[in-house]
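> Listed here are the chains, written in short residue letters.
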Amino acid sequence: MSRLTPVLFGAQLLIMGANAMAAQVSAYDENALRVESRQGNLQILRGIEGTVVARAGIFHPPKVANLVIQSDSALAEAKIFERDYEPGQWVAALGIATLGAAIGASRISDINPVIQVSLYAISFAALGYGGNRLHSAYGALSKAIWWYNRDLKR
Amino acid sequence: MKSGLIRALIVGASCTVTLVSTAAAQRIDSTRYDGQALRYESYWGSARIIRGADGPLVGTAGWFRSFDVEKLVASSAPARAEARVYKSNSFRASVVGTIGATAAVVGVALSANNSNNATTPILIIGGLGAIAWGAQHLHIAFSALSRSLWWYNRDLARPQLAPLPTPVPIPARQTEQGERHKDSQ
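Protein sequences, first through last, are from chains A and B.
Okay, so the first sequence: first residue is 791 according to my numbering, each after it adds one.
Okay, so the second sequence: first residue is 85 according to my numbering, each after it adds one.
Just chain B, same shape as in the assembly (with noise of 0.2 Å):
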């Protein structure tokens, strides 16, 4: 009799143990979502990686930023690989969608001071032909830094593999440039 009361002692604690353990480690992992969780928001061919729904401006990369997307998400290699992704095609969309907009805001003034010759379509055409190639590879520099930043959330879930990143610290220029952002919304 006394045997069975102990035993069911026994059985009754290690369950109320288990149950509150694993409660208290989703709640600690939903913490962890709401506190470092990214996403991301394209603003006129930037990014601007955000922490949280409604959370702080972490930094802004795209069109010759140096937001260093990479070491934001350094704690997730598959993070990181696709980080790196997006850093070269971000790079190329950069360069050869200004040369393309360069080009084509000079064709579209020549154009409309009536100075027409062959180089005004030229201009025009070859313009928006970079403005396009641009574009493309900035969609799939978005695509990265999408599939990047699922990976980080997702790593996040996961306290027995990784470890609580560290914070990265943020360059004052982007963290003005946030506050500034913030202000004029």
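Here chain A stands alone, though its shape is the one from the complex (with noise of 0.2 Å):
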């Protein structure tokens, strides 16, 4: 039975250190996050299950920094999402007004060419800018759902 005892403990560390293996591959199956859209608009799931944690409203983003904050490196990435998020959005939606002025405008055939033509250029000048915060945000998101994940398995 002495024999026995050192040899039962040791299965006992080595059962225990296949636990933690286990509880670390679980940690990411039930934690880990990912972005989808559903009917576009903007979703953040978490785990196998796919609940749904965060979800972007009208001009305003998903809180991903209160998702995210065990993470420094996710933290700081979800913060630049935030910030260029709402003003991306609301940019690319004045882009997209201002192209519907233009085509309006150019429908009145006595108008001066010049508001048409300042029109579409507006036009075109939103959507570019809104369209470039829109990406910088989108990439920031993706960072830091990156890092949030790899975290999830130190």
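Don't read these hints as lab results, they were simulated from the structure.
The structure displayed is predicted, hence computed values, not measured ones.
If we take Cβ atoms under 10 Å as the criterion, some of the chain A residues that face chain B in the derived model are:
(1) Ser827
(2) Leu835
(3) Ile838
(4) Leu889
(5) Ala892
(6) Ile893
(7) Arg897
(8) Tyr910
(9) Ser932
(10) Lys933
(11) Trp937
(12) Arg940
The beta carbon of each residue, even a glycine, is placed where N, CA and C say it ideally should be.
Assembly of the complex is requested from the two constituent chains, each provided in isolation within its own frame, with the hints serving as guidance.
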């Protein structure tokens, strides 16, 4: 019996080690985040079940920083996302509205052509600027989630 | 007394071995994730697939691009299934979105030239409708791509179940494109 004690103890420790590894994998399955888009709305889902933990509203970003607060790198990227997302959406929306106005103005026969050209120029500039801000925001969101999921495995 | 000392030594050694091997396994796991985990960034309707937080551009998928996401994530079965969903929806979105955009641009051009007739509003409205339909499928495609990469990265954490993914040969055209993009930034 006394000879068996260290063997049993060693086996127990190995099982503990295996459990620690399994817990690490389970942390990813249960907590790892991903981004999906449902009906054009940005959503952040957690784990294998796909529980929605945050969603973007009209002109306001999902609160990503609160979700990834455990990881410093993820938090830094989440702040960039929250900084760029809202202005990007507003300016892009302004661009779409101005494009609509420009198309409407083009149907008026006696309108000054300078107004038409200006409306088109403003709309394309706004769409370009807003698109770039949104691109920066989505890039930061992608990085934030990558860092957060990576740090789940540490 | 002597057997008690030996027992204590065996217990201590097995404890140390277990702790060291667990830490080493975790370190290997983290390294696998750092070096292999993928993410994507949407870029004007295309998806730029990147390895690591600031890593290399692996390829650009979408909008008539031939980059094979399914091959990239081949080491994980669920990731492969989602990659197929991405591919089919991305193709539909590309075709219908392009037709819609062309129709809308032609409609706007005709409208700007004061060639107002019945076809102008039909082209604009029909074109915008097709763009909206394409955008909807693009959202479905990107969601599938997100799930695909999530599964792929998840299965990186399971060295005992999934072998280390074999390096996917990146087409020369994609690599050059990636480098060009990197240079332009």
